[in-house]
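Peer 1: Sequence:
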Amino acid sequence: MDADVIVVGASPAGLAASRVASEQGLDVLLMDKQDVLGENTHPANTFFKGMFDRAGETVDSSYILKNLRGANIVAPSGSYVEVESPAYFLDRPAFDRHYIQKTRDSGVDIATSVEAYNVLKNDEGVSVSTSQGTFDSKLVIISDGINSKLASLCGLSAMKHPDDIGWAMEAEVEGDGIGEPDMFEYFVGSVAPGWKSTYSPCGGDRATLGVYVRRHGRDVSSFFDRWVDKFKRMKGLSNLNIGEVKTGGDPIATIPNQMVTDGIMLTGGASGQSGIGYSIHGGKMCGKVAAESIQEANTSSRFLSRYSRMWAKEYRTEYYLGRMALETLRKMDDSEINNIMEVFKQEDLSFLQGSSLQKALQVSLFMLKKKPSSLLGFSAFLRNR
25 MDADVIVVGA SPAGLAASRV ASEQGLDVLL MDKQDVLGEN THPANTFFKG
75 MFDRAGETVD SSYILKNLRG ANIVAPSGSY VEVESPAYFL DRPAFDRHYI
125 QKTRDSGVDI ATSVEAYNVL KNDEGVSVST SQGTFDSKLV IISDGINSKL
175 ASLCGLSAMK HPDDIGWAME AEVEGDGIGE PDMFEYFVGS VAPGWKSTYS
225 PCGGDRATLG VYVRRHGRDV SSFFDRWVDK FKRMKGLSNL NIGEVKTGGD
275 PIATIPNQMV TDGIMLTGGA SGQSGIGYSI HGGKMCGKVA AESIQEANTS
325 SRFLSRYSRM WAKEYRTEYY LGRMALETLR KMDDSEINNI MEVFKQEDLS
375 FLQGSSLQKA LQVSLFMLKK KPSSLLGFSA FLRNR
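In my numbering, the protein residues as written are 25 to 409.
It should be emphasised that the hints constitute simulated quantities derived from the structure, not laboratory data.
There's no promise every hint is true.
[Said to hold, decoys possible] Pairs of lysine-lysine, DSS-like flavour, derived with a Cα cap of 27 Å:
#: 1; residue 1: K355; residue 2: K369
#: 2; residue 1: K312; residue 2: K337
#: 3; residue 1: K355; residue 2: K184
#: 4; residue 1: K355; residue 2: K254
#: 5; residue 1: K184; residue 2: K173
#: 6; residue 1: K270; residue 2: K256
#: 7; residue 1: K369; residue 2: K256
#: 8; residue 1: K162; residue 2: K312
#: 9; residue 1: K184; residue 2: K312
#: 10; residue 1: K162; residue 2: K57
#: 11; residue 1: K369; residue 2: K73
#: 12; residue 1: K270; residue 2: K173
#: 13; residue 1: K73; residue 2: K312
#: 14; residue 1: K173; residue 2: K145
#: 15; residue 1: K73; residue 2: K270
#: 16; residue 1: K173; residue 2: K162
#: 17; residue 1: K173; residue 2: K312
#: 18; residue 1: K259; residue 2: K270
#: 19; residue 1: K254; residue 2: K369
#: 20; residue 1: K312; residue 2: K145
#: 21; residue 1: K126; residue 2: K73
#: 22; residue 1: K145; residue 2: K162
#: 23; residue 1: K337; residue 2: K73
Take these sequences, add in the hints, and give me the full structure.
Peer 2: Structural data, given as structure tokens:
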């Protein structure tokens, strides 16, 4: 055996799974096709502190470019809802390097320039066929992102709604003072159908602009170009320098489906887990169950399903409510979105407490009390679009 566990993909989830499994005494090999880790990064570069708290992680100042108060959710009309929640703009390469080093320090063997082609089960365990030969292990964790082909090769249907990935394009931009505000801005509606366009200040004259679009193909450059033009008009900018452009995807509305089979586990974007903090948490759950399975010499899908149940207990309700909300948003016209956003304009939403389901019910009761007709907007979810 080359390792007890082989992890394919140095994503945040893959790094977390590797680290947790290694800390439990397992021999872990993490492989990635990149020549140098921490350089070709994903466009995701912001997160809320609450997500990291939930994952049991401590924010490290070494990778923080800017602290923010929260986010403004902006309707097509320009009205907005302010959501105060401590948040951060990341130096994403520094963030990745931080977690790569933590993973190395835990004893994980990291191999770069290794592209995985297939995962094959055999009498001894599980083998990974790669550009550098075949590697043998007792268990394989697939964590190579939303573009992973390994899951389907293993017979796993990773996402319930794979066509609902939010394809993203984001760029670093420079303009007078655009990095100074202390709130993210998320714009919803036809500017980015099915999800959002983003404005993330990162200090001084620097920020990032991005779009996350569903059901319009992988090439979302036309939406990005329109968003840049709209942003310049809104902020009164004659000059806006566009820097490095990155592309990627967000599986926020896809819903994880099959996460395990005999000897194989999925985590992170490869399994439809969305967001940096949530993916790290999913990876930690995955690594914990992987370690238990090796220690008990049982890598059957039945045993590994402990991981699926752990994830479902923590996140399933939240993901389903999120999908319903995003599908409703996708099917709404801009005027309908404006109507609903007016209900929350200048309102203090600090009364929202409890689980995701409890918060959803509290929002519905608030809308019913303030403007009953606004609830009719949610009938958009039933439209055949």
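Peer 1: Compare the structure with each hint and give your call.
Peer 2: Verification of the hints:
no.: 1; hint: K355 x K369; verdict: holds, 22 Å
no.: 2; hint: K312 x K337; verdict: holds, 15 Å
no.: 3; hint: K355 x K184; verdict: holds, 19 Å
no.: 4; hint: K355 x K254; verdict: holds, 22 Å
no.: 5; hint: K184 x K173; verdict: holds, 16 Å
no.: 6; hint: K270 x K256; verdict: holds, 20 Å
no.: 7; hint: K369 x K256; verdict: holds, 24 Å
no.: 8; hint: K162 x K312; verdict: holds, 15 Å
no.: 9; hint: K184 x K312; verdict: holds, 24 Å
no.: 10; hint: K162 x K57; verdict: holds, 21 Å
no.: 11; hint: K369 x K73; verdict: holds, 24 Å
no.: 12; hint: K270 x K173; verdict: holds, 21 Å
no.: 13; hint: K73 x K312; verdict: holds, 23 Å
no.: 14; hint: K173 x K145; verdict: holds, 16 Å
no.: 15; hint: K73 x K270; verdict: holds, 24 Å
no.: 16; hint: K173 x K162; verdict: holds, 21 Å
no.: 17; hint: K173 x K312; verdict: holds, 24 Å
no.: 18; hint: K259 x K270; verdict: holds, 23 Å
no.: 19; hint: K254 x K369; verdict: holds, 22 Å
no.: 20; hint: K312 x K145; verdict: holds, 22 Å
no.: 21; hint: K126 x K73; verdict: holds, 20 Å
no.: 22; hint: K145 x K162; verdict: holds, 9 Å
no.: 23; hint: K337 x K73; verdict: holds, 21 Å
When the structure is compared with the earlier hints, no violation turns up for any of them.
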